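Novice: What follows is the residue order along each chain.
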Amino acid sequence: MIPFSYARASDVQDAIAKGALGGTKFLGGGTNLVDLMRETIERPTGLVDVTGLSSEITETRDGGVMIGAAARNTAVTEHPLIRSRYPALTRAIVAGASAQIRNMATVGGNLMQRTRCTYFYDGEGSHCNKRAPGDGCDALSGFNRSHAILGASDACIAVHPSDMCVALTALDAMVHIEGSDGSRSLPIKDFHRLPGDRPDIETMLQPGDLITAIELPASSIAANSTYRKVRDRASYAFALVSVAAALEIENGNVRDVRIALGGVAHKPWRAERAEAALRGKPAGEAAFLAAAEAELAAARTFEGNAFKVELARRTIVSVLTELSGGAV
Amino acid sequence: MSISVNGNAVQVPDDPRVSLLDLLRDGLHLHGTKKGCNQGACGACTVLVDGERMLSCLSLAVQFDGRSITTIEGLGEPGALHPLQQAFVEHDGFQCGYCTPGQICSAVAMVEEVRRGVPSHVTSDLNSNVIDFSHDEMRERMSGNLCRCGAYNGIIDAINETLKEAAE
Amino acid sequence: MSILENAKQTAQGLFQAGMAKAIAMAPDSWIPGGEPDPLIRERHGHVGRPVSRIDGPLKVSGKAPFAAEFPMEGMVYAALAYSTIAKGRLSSLDTADAEAAPGVVLVMTFRNAPRMQPPPLFLSGAKAAGGDKLPVMQDDRIHWNGQPIALVLAETQEQADHAKSLIRVGYEVEHADIAFAEARDRGTDTAEFMGQPLHDEIGDAEKALQDAAFKIDATYTTPRHNHNPIELHGLTVAWQGDTLRMHDAQQLVAHTAWSMAQVFGLDEKQVVVTSPFVGGGFGSKSMWQHHILAAAGAKLAGRPVRIVLSREGVFRLVGGRSPTEQRVALGADQEGKLTALIHTGVTVKTPHNAMPEPFILPTRSAYAAENVLLDVQKVELDMLGNTFMRAPGEAVGTFALECAMDELAEKLGMDPIELRVRNEPEKDPISGLPFSSRHIVEAYRAGAERFGWSRRNPKPRSVSDGEWLIGMGCATGTYPYYRMPGGAARITLTREGKAIVDIAVHEMGMGTSTVQTQVTADRLGLPMDAITFNYGDSTLPGVIMAGGSQQTAAIGASVIAAHNALIEELLRIAGNDSPLAGLKAKDVGSRNGGLCKLDEPERHETYQSLLARAQRDKVTVEAQPPQPLETMHWSMHSHSAMFCEVKVNKVTGEPRVTRFLGSFDCGRILNPKTATSQFRGGIIMGLGLALMEDTQFDERKGRVMNPSLAEYHVPVHMDVPEIDVIWTDIPDPHAPMGAHGIGEIGITGTGAAVANAIYNATGKRVRDLPITLDKLL
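Residue numbers (the working numbering), protein chains in the order written: chain B, 183 to 510; chain C, 115 to 282; chain Y, 12 to 788.
Possibly wrong hints are sitting among the right ones.
What the hints assert, rightly or not - Cut-off 27 Å, straight-line C-alpha distance, at most; resulting in silico cross-link-like pairs (BS3-like, lysine-lysine):
#1 661/Y / 463/B
#2 348/Y / 438/Y
#3 348/Y / 278/C
#4 608/Y / 226/Y
#5 661/Y / 775/Y
As the list claims (entries may be wrong) - Computed far set for chain Y versus chain C, every beta-carbon distance over 12 Å:
#6 184
#7 363
#8 622
Hints were generated in silico from the structure; no laboratory data involved.
None of these values were measured; they are calculated from a predicted model.
Built from N, CA and C at the ideal position, the CB exists for glycine as well.
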């Protein structure tokens, strides 16, 4: 780690003021940032600790749930409102990392996780456009079994590693942001970026912006939601493919549906084509498969990750079939 | 600025780069907390922070001002072992012993998480607060603690026995 | 090679061949183990009891001190910078910023490192411990991607790590040979292992294969592996006067002390290596560059040094297991008798080490086949020296061989256990030696019954449970009994009737101190609490490595020799008033806290009484066992029958092991509790080999790309079901205590048992490890 200063933020305004200095980063649980600082891939000159800011999980007036960005992952999974109304979110969080890490990691920090691409991590020995735009990408013709099949560019084929964000994406979460210009909010599907030619810029945050809360909107469909993660190890491994979905069936037809994919793109991938293909269709394997095909038609694969297309197809169908329960 | 470590007040280090793990090992000579990867991938550095299990390698010590840390040394010592430590000996829940303090700290907090009703990846009913102490629940919840010697069966047996005794 | 050298080697070879013949033909009684160890008969002592580890309370309370946990006055912390090219030279190396960084005490590069001899390469001499023989930081040459190029010492670890990141390096890159397939296509050489070519031939196997009624012929590939013990490689080292003092994590303390002495031009007594606890080794904790660099840095800085490799550092400078490409071809007649057994292939090493992965070793003694062809070819690449990893040869060799047996069984329409039973040899097929102890058929029968093998449906893809396909498989595991030269032990008997055993051996989790305390207690006729077992210290007698599963036998033979010397010495000082007066040592044994005449046990005197009468406070003896000729007189091996049940997800292809049983034939089991853990531990590493372990070596630049425990997967709790372990417990009459080492056999056969179960579940035969879900979709 390079030397840095450390300060605790007493409230949001204090955090914004302290975070305005160039080279400063906000520190949550540190589970990803501290690791990357040790690798000198992240080189902040100052850290502002925001773990003392709001970690409250409360019901909003319109029946949604507001989660303070400093809430620990475990606190979210065990909250009765989340478990009952947004099961996909609980399922996604408990599928990620380990209990120790979930006890440390904050919700805001989870959104800011960086890729696990091993060429990104190899600061000394590998080329990576995400670390240094224009440097080249060693993953394109290297080990890319875990890499993206959707939305990638010639500059970067890394994937976003979060499980939680995939569920949030399916559940239409809003990200509340405080910056020097005041507050704003973004749908989470628009929060993360695709790599394009600037894979180093991963989110829509401006310098000094702070994530203050995640809001889950009231939703009738969310109660029938789940998350399925496919990985090499039975636990404590990143997703090769994951699917978060919610499904509402009326008279045998798909009334509404939400699908998001993990492990396949630079961002949590909202499968809008699949959703569009499904709405109003008779719920069943044929429709589910057609929806998956619609989403995956644009897939572009590499030597190591071609299997992900078939894996994603099967996993989407299986999750939707599960959610359709006895209705099919 | 101070951290409580096994009940003793400890000065927060001046250099904010010092991890909680290095503070324990290099600063306080509490070597029971182990360094197996220093990157949050093995669980050997697990300690209890206000009773919750966390990874001390990914924790900056400076973040723990005012908090209470319990390490393996704070759980028990030869002659006065914690029941779970004793059960690890009896069930041979280790070989080389290097991941062991992390496994034990992790298990102590894991039991509390189960009692609190925190769901896991293998919990079937999310709306129930009562978690079944099944083999799968324990294996899943302990999966953040790697053991390369492969003492997993003995570890689960030790936890099982201690839990049973606690329940009786 | 000169004609003279050629002639010398031929003469040596002839002499060795002649010796081997003479040893093979000698009467049993001339051979160590010819007379069974009396302890084999002892059935009421401590041996065989499930004693809990005597160091358990220390380990569970975090009080057992590991190498990087010995504080030293004035100690500094180390960090290493590694090369990022595979071959070439350093064109620039700018350390100015690092030297100026806060807290930095020393930046050492080839420019200022002390002149040192290259490390003696392991197997090149009796006490050589080096992983390779390259000079360490002596010039600007780069030999592999990851080679240490600078050592930084600083007051804190954070300062050392930071300063290391400030070093700027330029390279002059040269062409490096790093691609396995390219090198193989250019040509290969026959590999040698421990001085012998890895090549055996009986009859004409290729012809027999052509003519066989039933045959299979397939290629199996296994990737690179890394040991990944959870304890990072590290040591605390200081120069104390002329003595180099090393607190190390080490499976070769005596070898390392001698080898470090060669590097620094010292007498071996000037190097003291202690290693009371080792946080796992599996073959990796021998002597590597960090030992030499830390000691050199301590010398230059004049301060003690603590070096702990990062996990990445372990991958960069501690070698792992090499990849293999193996062909197994089997021919059989209608009855399933093997007429042709071919096991050949290629592996990878470097020009600087002596370790081609010897994957044919398990095949040599496996099956009675009329025609046999075994061969290992090697290519040499510009990479980090590969090394011994748990069951080198056997772990990956049994994967290929035992998958092939499963494939042949299916071709024959025969139960795979029955196929193995029908090919059970009566004597060692290659050496012709009799087996010392081989009860593999019993192990299969007991295992099959307990596992419920009869419930297996031989038709693949015929059993499922919801989303999961279920399958069962089995395979044979095997590992040789070794006992290497160099054993020695010292016993000190005190007037209080207590015994101290001193021997330079190791505790990496095998339970050495516990089990040897049990054994010594029985051997000396004392309670366990009267025995102190000292180990892990290079100043103690013996040059014994914890490797090759030979430590138990080596200690056993050494303590037997020391015990015999102790009896001689006690009889010498016994005097005429002793009931033992006039007896010969061969007629006397230890019992009930003293000595007695073996066939007249009432002629007994306690140790206290013997020493008191001789007015001695203590008696100390030291002895060496005879050379390990037993391994040239009998074919000595451990065996196992491995049974696995898997489920494979129909949707995702995820393979998960649901049940496993290891049925072992490894001689007498000395401590069922610690033995069970060792067996299970080996099996679990075998599950990792089967399903997930893969060191990703980027052949574009010779660099390991997953040097972390997040990306190099080892099994976690959730991957491991309850593993059932049983054993024959039939003592090997020719081994000390009747016991075989058991540290490595667990990983052998496991990969094939899993692969065969996956085939039974899915109908998919995966011959390329690891068997990940993408191969099963």
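Novice: It remains to establish, for every hint, whether it holds in the given structure.
Specialist: Structure-based check of all given hints:
1. 661/Y / 463/B: holds, 26 Å
2. 348/Y / 438/Y: Distance ~16 Å between residue 348/Y and residue 438/Y Cα, so the pair holds.
3. 348/Y / 278/C: Measuring from Cα to Cα gives roughly 53 Å; hence the hint is violated.
4. 608/Y / 226/Y: Violated. Residue 608/Y to residue 226/Y sits at ~61 Å, over the 27 Å cutoff.
5. 661/Y / 775/Y: The hint holds at about 12 Å.
6. 184: holds, 29 Å
7. 363: holds, 27 Å
8. 622: Fine: 31 Å to the nearest Cβ keeps residue 622/Y off the interface.
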